[in-house]
Amino acid sequence: MPGLDPGIHAFLSPDQYVDGRVKPGHDAAGTAGVVMTYIAKPKFHHPGLKKNELGYTHRDYEGKISTLCAGCGHDSITASIIEACYELSIEPHRVAKISGIGCSSKTPDYFLGNSHGFNSVHGRMPSVLTGANLANRDLIYLGVSGDGDSASIGFGQFAHSIRRGVNMTYIVENNGVYGLTKGQFSATADRGSKSKKGVVNTDNAIDLVAIALQLGATFVARSFSGDKTQLVPLIAAAIQHKGASFIDVISPCIAFNNHAGSTKSFDYVREHNDAVNRLDVLVGREPIHVDYAPGTVQVVEQHDGSRIALRKLDADYDPHDRVGAMTFLQKHAAKGQIVTGLLYVDPEAEDLHAHLNTVDTPLNTLDAKALCPGSAALDKINASLR
Amino acid sequence: MKPTDISAPDYFHKVVDCQWACPAHTPVPEYIRLIAEGRYSDAYMINWKSNVFPGILGRTCDRPCEPACRRGRVEENPVAICRLKRVAADFKDDIKHRLPRPGPKNGKRIALIGGGPASLTVARDLAPLGYHCTVFDQDPKAGGMMRTQIPKFRLPDSVIDEETDYILGLGIEFKGAHRIDSLKQLLSENYDAIFVGSGAPRGRELDIPGRKEAAANIHIGIEWLSSVSFGHVEKIGRRVIVLGGGNTAMDCCRTARRLGGADVKVIVRSGFDEMKASPWEKEDALHEDIPILNYMVPVAFIHDNGKLTGVTFQKVKAEYDAKGRRNLVPSGEPDETVACDDVLVAVGQENAFPWIEADCGIEFDKWHMPKVDPKTFASTNPKVFFGGDAAFGPKNIIWAVAHGHDAALSIHKMLSGEDINERPLPEVHVSSQKMGIHEWSYDNDISTDKRFKVPHRDKVIALKDIRAEVELGYDLKLALGEAERCLNCDVQTVFTAPLCIECDACVDICPMDCITFTENGEEDDLRQRLKAPSPHHDQALYIADGLKTGRIMAKDEDVCLHCGLCAERCPTGAWDMQKYLIDMVHAGSTCQSKARSAA
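Sequence lines, in order, name chains L and E. Terminal number for the first sequence in the numbering used here: 386, no gaps in between. Terminal number for the second sequence in the numbering used here: 599, no gaps in between.
Note that these hints are calculated values from the structure, not bench results. Please note that the accuracy of each hint is not assured.
Covered stretches of chain E (in silico footprint by chain L; criterion: 3 or more residues with CB under 8 angstroms from a CB of chain L, positions within the stretch not fixed) [as the list claims (entries may be wrong)]:
#1 70-76
#2 565-572
Okay, derived cross-link-like pairs now, DMTMM-like style, lysine to aspartate or glutamate, Cα gap no bigger than 25 angstroms in a straight line [what the hints assert, rightly or not]:
#3 41/L <-> 502/E
#4 51/L <-> 524/E
#5 41/L <-> 439/E
#6 50/L <-> 523/E
#7 531/E <-> 83/L
#8 315/E <-> 336/E
#9 50/L <-> 538/E
#10 531/E <-> 267/L
#11 307/E <-> 341/E
#12 312/L <-> 83/L
#13 64/L <-> 83/L
#14 531/E <-> 91/L
#15 41/L <-> 443/E
#16 531/E <-> 87/L
#17 50/L <-> 75/E
#18 43/L <-> 75/E
#19 184/E <-> 359/E
#20 41/L <-> 91/L
#21 331/L <-> 321/L
#22 64/L <-> 439/E
#23 323/E <-> 538/E
#24 50/L <-> 524/E
#25 64/L <-> 449/E
#26 380/L <-> 360/L
#27 64/L <-> 443/E
What the simulated footprint calls covered on chain E by chain L, stretch by stretch (three residues with Cβ under 8 angstroms from a Cβ of chain L suffice, anywhere in the stretch; the number is not a length) [as the list claims (entries may be wrong)]:
#28 436-450
#29 495-503
#30 531-540
#31 547-561
The beta-carbon is built from N, C-alpha and C at its ideal position, and this holds for glycine as well.
Between the sequences and the hints, there should be enough to build the whole structure, so can you do that?
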């Protein structure tokens with residue numbers, strides 16, 4: 001499979017770029033005995049590319065070139081994160097991207113090349129993220145995980161970060177298989193779906209969206225890597241949401257889970273996608289002008305004053321009703337439909353810092369005296385506990 | 001929009017902007033790749049087939065390809081296509097054994113008037129087919145204006161000798177120092193066809209007061225250049241004014257600098273940017289300390305009893321009317337007289353056919369130009385064809401070559417008893433370049449190098465010797481670096497819709513945001529909805545339908561780098577990189593059928 005085994009590729013770092021004047025040629029193949037090379041994505045960009053408020057083009061939010069298989073859904077999610085950050089005019093140094101292990105968890109290397117990053121132990125992204133968040137509440141936290149990382153080895157970690165209300169955007173790149181180990185079913189694979197070899201899955205699936213709703217996530221959405229017009233605004237809205245935002249993105253595994261009988265293939269998801277709404281416009285704090293028929297657009301004002309306009313596709317669906325959302329999800333899942341869109345949002349959400357009544361400033365900006373108030377203060381605390 | 005018919009030969013041809021812009025349609029990226037591979041002789045032969053004079057054109061071409069070069073749309077400067085052509089000529093091995101061999105004579109005789117690029121192209125195309133070609137020229141050696149009007153410091157005689165000899169060596173009879181003074185006479189000699197490639201030999205006059213009186217020091221540019229070329233003129237006054245803003249004016253001023261002109265000025269009616277001279281020729285003149293003065297119209301030659309002392313100019317300014325047309329109107333400033341010892345008049349060239357008698361069956365239009373079919377180059381006398389400057393007025397060498405190819409085809413068809421108006425379609429080859437995963441048979445990595453400068457001879461030395469070539473040409477290292485800048489626009493992105501699963505991988509990886517999957521619509525509407533702005537409507541949108549979601553694939557060809565990443569990222573092979581080669585039809589091309597290989 002193209003690009004499947006990252007070990008056989010040699011990558012050019014930009015500083016290794018061969019100068020045509022010295023030794024024209026395009027790679028260092030042969031020097032390391034490598035079989036083949038990717039070229040680096042050319043630095044040229046479209047001369048008419050738009051710039052955001054910071055003067056950056058979307059190309060400025062890219063990272064290294066992806067080493068995933070050609071056609072991987074994860075690359076589209078990467079592109080969507082790039083687009084969302086570009087549209088929000090986020091300064092890259094204000095973002096911390098944190099991941100675990102797996103195909104999905106490799107992707108933070110492929111976007112926001114100028115942001116903070118931490119590639120943690122398998123399934124431990126939520127803990128590392130929680131810790132980082134507690135230490136520095138001023139950064140934007142982007143947790144990127146996969147179905148193996150979050151629904152199996154890190155299931156508990158996932159659950160606790162959600163129920164604590166850590167202010168983050170938690171994205172699961174959900175393909176239903178273990179791609180790196182040649183396509184075994186993961187915990188999110190639907191019962192009855194078929195593996196590439198024709199084996200039928202007999203285990204019940206974990207629906208991470210349902211769990212996130214139950215555990216109190218204050219922004220819950222599902223989307224599809226093949227539908228960026230839906231996904232990009234969802235990621236942007238989730239980043240702006242203050243609280244635990246969870247997005248389950250179905251992302252077909254082109255190598256092991258894109259065949260007939262799979263419920264996470266491009267064709268299956270396109271056929272069974274039941275979108276309840278579309279976040280067509282992110283309006284920020286500007287007055288809203290939307291030219292849809294009255295009653296079809298719902299404006300949601302988030303905690304920070306930003307507003308999003310939701311175009312309703314299902315007139316009866318109310319994204320402020322947690323219990324309703326859970327019921328709706330179960331009913332449609334039973335019919336074999338994949339519900340996508342913004343499923344639940346609590347505009348008045350609070351985060352972990354509010355719950356713990358922590359100090360407003362990041363720990364790294366506090367001086368030594370504030371961080372270590374001395375033995376007298378410790379004695380006082382100890383005394384209060386006696 | 002309707003899906004693009006990529007099997008139409010012109011569709012992909014237009015994507016190879018340089019080749020499309022070249023009048024002779026030289027396969028530019030193909031020869032640049034060969035240069036990068038060190039295959040200079042192969043690169044030379046591709047050029048030789050298309051444009052006949054690679055060494056000459058590699059020094060003197062007007063380069064219609066370079067403004068068209070896609071590279072100029074993604075960074076500041078296009079690829080130095082012209083000077084790479086020279087590299088092929090400079091570094092090739094002996095190629096004589098690769099030239100066509102004269103075939104058995106077919107008994108048909110062709111007379112060619114003028115020994116310049118147009119006639120020599122016709123002769124080259126026809127001689128291998130067995131025609132007996134006789135080239136007449138008033139000068140002793142072949143080459144025409146290439147030899148007489150282009151200064152030796154730009155184009156050494158050795159290069160002209162070599163490339164004219166390749167052609168004359170095909171069994172062509174060359175009658176030098178043989179001026180044709182009567183077409184009627186020539187017609188009576190029973191040639192099967194006559195080709196007129198006599199150029200635009202007359203320099204335009206500047207009839208203002210003092211012209212006659214001061215004639216001794218006022219010279220017509222092209223005549224003067226020709227005299228210099230033949231060594232009849234070896235010096236000029238210290239202060240020289242060159243009138244005119246074209247390439248001939250640039251040649252005149254630079255030649256004057258080498259013949260004793262210490263204070264040489266070019267004085268032009270129009271503004272600097274609208275001058276007809278190529279930007280690089282203006283640059284070269286400025287580099288040799290020749291100021292260019294603009295918006296000055298000569299009104300009188302000033303003389304002292306017939307001895308030229310200066311030229312008086314009226315100052316003008318540009319004004320634009322409602323339709324955006326430019327008019328030069330007096331600026332109101334007082335006239336200025338510029339002192340000088342000699343004036344070179346290079347204000348244009350004209351055709352002159354005093355040797356074509358009225359009863360030769362050749363009709364002329366109201367501008368005294370022969371009526372020539374722009375496709376077949378036939379005149380109103382079915383046996384007589386025109387090409388080069390003689391056909392449509394002064395243009396450049398590469399146009400003369402293109403005319404020559406077409407005229408030769410007409411002559412061949414006519415003498416084979418075929419309809420000359422039926423032009424065979426060119427043959428097109430399209431073949432995949434895929435060698436493996438991430439492996440292509442062309443170097444798809446995009447060099448970020450800026451255009452490399454061609455080394456020049458030291459100015460002090462160059463100005464001392466009129467025969468010392470100023471440009472030294474790229475050395476191999478520079479040539480390789482410059483060749484790597486080519487974007488391989490002939491390696492086309494070919495899309496097969498039924499294979500596409502709409503995973504967006506190509507959209508995400510494309511560095512130029514060329515690809516969009518969207519709902520179909522009218523072109524203007526669609527261009528608004530592309531991923532990146534689409535300002536160049538002359539650049540095609542490649543549209544493909546038949547996708548599962550009912551959307552279309554729209555690729556803006558405008559700034560595609562042909563890096564092949566879309567094809568590398570495509571999991572199903574819906575994108576492929578395929579090399580497009582078009583064989584322009586010349587006289588005697590083997591494929592003369594309408595059938596062509598499917599693109």
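| request: If any of the earlier hints don't hold here, list their numbers in rising order. | output: none
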